[in-house]
Amino acid sequence: TDENGCTSATQDTFISSVIELNPYMSSVGAICKDDNSGEARVFVNQGTGTPPYQFDWDFESIEEQTDFTPVDSFSVIKGLFPGLYYVNITDAMGCIVRDSVEVKSNPNICISPYRAFSPNGDDTNEYWEIENIGLYPEAVVSIYDRNGSQIFRRRNYQNAELEAFNGENENEYPLPSGTYYFIIDLENGDDVFKGTLTIVR
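My numbering puts the first residue of the sequence shown at -18, with every later residue one more than the last.
By construction, these hints were calculated from the structure, which means they are not laboratory data. Treat the hints with care, since some could be wrong.
Stated by the list, open to error - Derived DEER-like restraints, expressed as beta-carbon distance ranges:
no.	residue 1	residue 2	range
1	N3	E107	54 to 60 Å
2	P155	Y67	53 to 59 Å
3	Q27	A97	49 to 55 Å
4	Y67	T179	43 to 49 Å
5	F55	S158	51 to 57 Å
Because the structure is a prediction, the values reported are computed rather than measured. Heads up, the beta-carbon is just placed ideally off N, CA and C, and yes, glycines get one too.
All chains should be built: construct the whole structure from the sequences, respecting the hints.
Dropping the structure here:
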């Protein structure tokens, strides 16, 4: 028995060699950081370990799951939130390898700003909406006119009448119809979204 728990049998001159397990981990990211659409996958590389394999997934968001397959060298767990997930892989010789994979969120899909709104007092589309922005309370939303002057800036943007951009400048004067420019900075060091929005009156 070696340090990985692997056992080998010796009888006369016959020796059963132990082939070390070599897994490959991958993941499918969740759409948003509070969304459970992610997946974690593990594959035992061909020619490593001794089948059959047992996969014991261990993570907090879902109770431990065991996937025992006498043929396949692949296991996938679905319905995951973003986070770090661990799996113990055991082969027929008792070899155990523990590995991990991170499921990430994808703000590029999650954050979806509306391209236009019409603040004309009819109680429909009165403010600019950004889908799922509430999941990122540290995000900073800035809006500029075509001259590059900042007309709006807010952290913890909310899709609510008194919180969202309603087509007025900082002095609460209605802005004219036209194209404006936005920057959404999630303040995570990576994700900054830029684009245009249109005010229709």
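Hint numbers not upheld by this structure, sorted from lowest to highest: none
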